[in-house]
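Trainee: Can you build the whole structure from these sequences, using the hints too?
Chains as they are written, first to last, in the numbering used here: chain A, -10 to 282; chain B, -10 to 282.
Please keep in mind that the hints were generated in silico from the structure rather than gathered at the bench.
One or more of the hints may lead you astray.
Here are the simulated distance ranges between beta carbons [stated by the list, open to error]:
1) B:Met65 - A:Ile209: 22 to 30 Å
2) A:Ala31 - B:Thr112: 40 to 48 Å
3) B:Asp113 - A:Asp239: 36 to 44 Å
4) B:Asp113 - A:Glu131: 26 to 34 Å
5) A:Glu82 - B:Asp113: 38 to 46 Å
6) B:Arg183 - A:Asp239: 30 to 38 Å
7) B:Met65 - A:Ala31: 37 to 45 Å
8) B:Asp33 - A:Ile209: 37 to 45 Å
9) B:Ala256 - A:Ala165: 26 to 34 Å
10) A:Ala31 - B:Thr53: 18 to 26 Å
11) A:Glu131 - B:Glu64: 33 to 41 Å
12) B:Glu76 - A:Gly257: 50 to 58 Å
13) B:Ala256 - A:Val17: 20 to 28 Å
14) B:Thr53 - A:Pro15: 47 to 55 Å
Below, in silico cross-link-like pairs of lysine to aspartate or glutamate (EDC-like), each with a Cα-Cα straight-line distance of 20 Å or less [unchecked claim]:
15) A:Lys19 - B:Asp33
16) A:Lys19 - B:Asp36
17) A:Lys19 - B:Asp(-5)
18) B:Lys272 - B:Glu72
Each residue gets a CB set at the ideal place from its N, CA and C atoms; glycine is no exception.
2 protein chains.
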Amino acid sequence: MQMYLDCIPCFVQQAVRAARHVSDDPDVQKRIVREALSCINAIDFSDPPPRAGQIFYRRLSEITGIPDLYQADKEMQNRLALELLPELKRQIEISPDPLLLATRLAIAGNIIDLGAHGNLAITDIQKAIKQALNEPLFGDWEEFKAAVNAARDILYLADNAGEIVFDRLLIELIIAKPVTLVVRGAPAINDALRADAQSAGLDKLVEIIDNGSDAPGTLIGDCSSEFQSRFAAADLIIAKGQGNYETLSDEPHNIYFLFKVKCQVIAGQIGQPVGTQVLIKSKVISPEIGSDR
Amino acid sequence: MQMYLDCIPCFVQQAVRAARHVSDDPDVQKRIVREALSCINAIDFSDPPPRAGQIFYRRLSEITGIPDLYQADKEMQNRLALELLPELKRQIEISPDPLLLATRLAIAGNIIDLGAHGNLAITDIQKAIKQALNEPLFGDWEEFKAAVNAARDILYLADNAGEIVFDRLLIELIIAKPVTLVVRGAPAINDALRADAQSAGLDKLVEIIDNGSDAPGTLIGDCSSEFQSRFAAADLIIAKGQGNYETLSDEPHNIYFLFKVKCQVIAGQIGQPVGTQVLIKSKVISPEIGSDR
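Mentor: See the structure below:
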């Protein structure tokens, strides 16, 4: 999807939070916000919103000289999620529909997003888990379940650190099929890298590849040719998070998007309020491709 | 006061609303938002926030070729307020403290602000009036009352159209002293111009001057020399609206600011929530000046 007008002030707001995250010096903060204004003004507004984030956070790393600006946050988020893991596994074990609950929890984990959210409290995560346990998903659950059952192989596009621990709950239930987990190729806000997947213990369960890109989403043309081949050949793609939805919703593939609605723009597109747990199928899949799967 | 970091996304949000106000064409809207990003990036962040608005709305008039972009809104706001006037006058007549109620209502009228607010509904105005009738002011009411009683003359800096009708309620109670009403010198969002003061019938009650500037606030150095002289010589200044507060809060004069808190930045400064009815005295007045008045 392309950038909406409303994405622009939201992006600037995110830049203000990022500026405060990397420095306490008002002059540095102002310089960073000025850079953000330049970044957003320089990009093509027909690009998906994560393009702005990619350019800005790359510039932010240059300015600060820190390649991975949110490393400490990511480690903390992984730790926090790993502490919750045993109890969540127990919930899934006693659930009448383990796949449904694991899917809901994987979506609940998408609350851990430093792009859209500023400060994430443990109470926010607990609230998301409670919602996952109690509220239905919006979207194409039955179709998703059938697609997972029918899939020859699954490409699982991860989103954030911390969240990736929640992804493990779902991945553990679908690894009867070959699952390849995809992480970002380089730091992008708190998005999961290979190290985060390893922290979550996923390297022992599935193949992990990276997409070769530092965008907080999946800008296909910006990804490595290896990833592009895997993406093109994938039988079923599970794409986590709003950034992946924003960058892939126009791609003609068999993609299911799992995320929590983070902003009014997506809320308007989906027709559901902010906070909704969404599981929707790519709407641009052609009938030919669709009938083949 | 200088621009806060948080003013910047808020300003961009305002620009998005302005873009939608002046055009339905997505390309024109995008161009306008790009102009806003350039405007905000070009200004000195130590300037007060209304400087950004001044430069942006001036540019918006150039782009659209429309000198007064909110003329129809202002006329509608004046009409709306004039319809409410008789009932509000009656409320003041039966009030045990007419000056207090008129002051509260003058502040309530400050809800009519197209800068901070997007779409203003009649229900918002009714809510503000109800609040004015029921909730206390935050600030220096007793001091203000004494200052009005002691003043040799009063310079009354208006803010918005529509609001200026509410100002009339207060002005009618203080015209035992010479009152000069100041409007903007040229269109600035929905800020009141001479025509709006005339619509409110204020030309029959007090002298009206304009400040010679198109800023949505009072940037002294940008105002006419006539206004600057009147400002310097004024015994008591009543400044309406957040824009006047943002531009004059550091001026060493005997100023009382009357406004509704419109944003988190000012809420943080004042220590009161958004929506609070504020009447505060300039804190930078020197003891020498203060003791003379």
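Trainee: All hints are to be evaluated individually against the structure, with a verdict given for each.
Mentor: A quick look at each hint next to the structure:
1. B:Met65 - A:Ile209: 22 to 30 Å: At roughly 49 Å between Cβ atoms, Ile209 (chain A) and Met65 (chain B) fall outside 22 to 30 Å, so the hint is violated.
2. A:Ala31 - B:Thr112: 40 to 48 Å: holds (41 Å)
3. B:Asp113 - A:Asp239: 36 to 44 Å: Holds, at about 39 Å.
4. B:Asp113 - A:Glu131: 26 to 34 Å: violated (44 Å)
5. A:Glu82 - B:Asp113: 38 to 46 Å: The hint (38 to 46 Å, Cβ to Cβ) is violated, given that Glu82 (chain A) and Asp113 (chain B) are roughly 52 Å apart.
6. B:Arg183 - A:Asp239: 30 to 38 Å: violated (52 Å)
7. B:Met65 - A:Ala31: 37 to 45 Å: Given about 39 Å between the Cβ atoms, the range holds.
8. B:Asp33 - A:Ile209: 37 to 45 Å: At roughly 41 Å between Cβ atoms, Ile209 (chain A) and Asp33 (chain B) fall inside 37 to 45 Å, so the hint holds.
9. B:Ala256 - A:Ala165: 26 to 34 Å: violated (55 Å)
10. A:Ala31 - B:Thr53: 18 to 26 Å: holds (24 Å)
11. A:Glu131 - B:Glu64: 33 to 41 Å: Check failed, 56 Å falls outside 33 to 41 Å.
12. B:Glu76 - A:Gly257: 50 to 58 Å: violated (38 Å)
13. B:Ala256 - A:Val17: 20 to 28 Å: holds (25 Å)
14. B:Thr53 - A:Pro15: 47 to 55 Å: Given range 47 to 55 Å: violated, Cβ gap about 35 Å.
15. A:Lys19 - B:Asp33: holds (10 Å)
16. A:Lys19 - B:Asp36: Given that 20 Å is the threshold and the Cα spacing comes to 13 Å, the pair holds.
17. A:Lys19 - B:Asp(-5): holds (11 Å)
18. B:Lys272 - B:Glu72: Measuring from Cα to Cα gives roughly 37 Å; hence the hint is violated.
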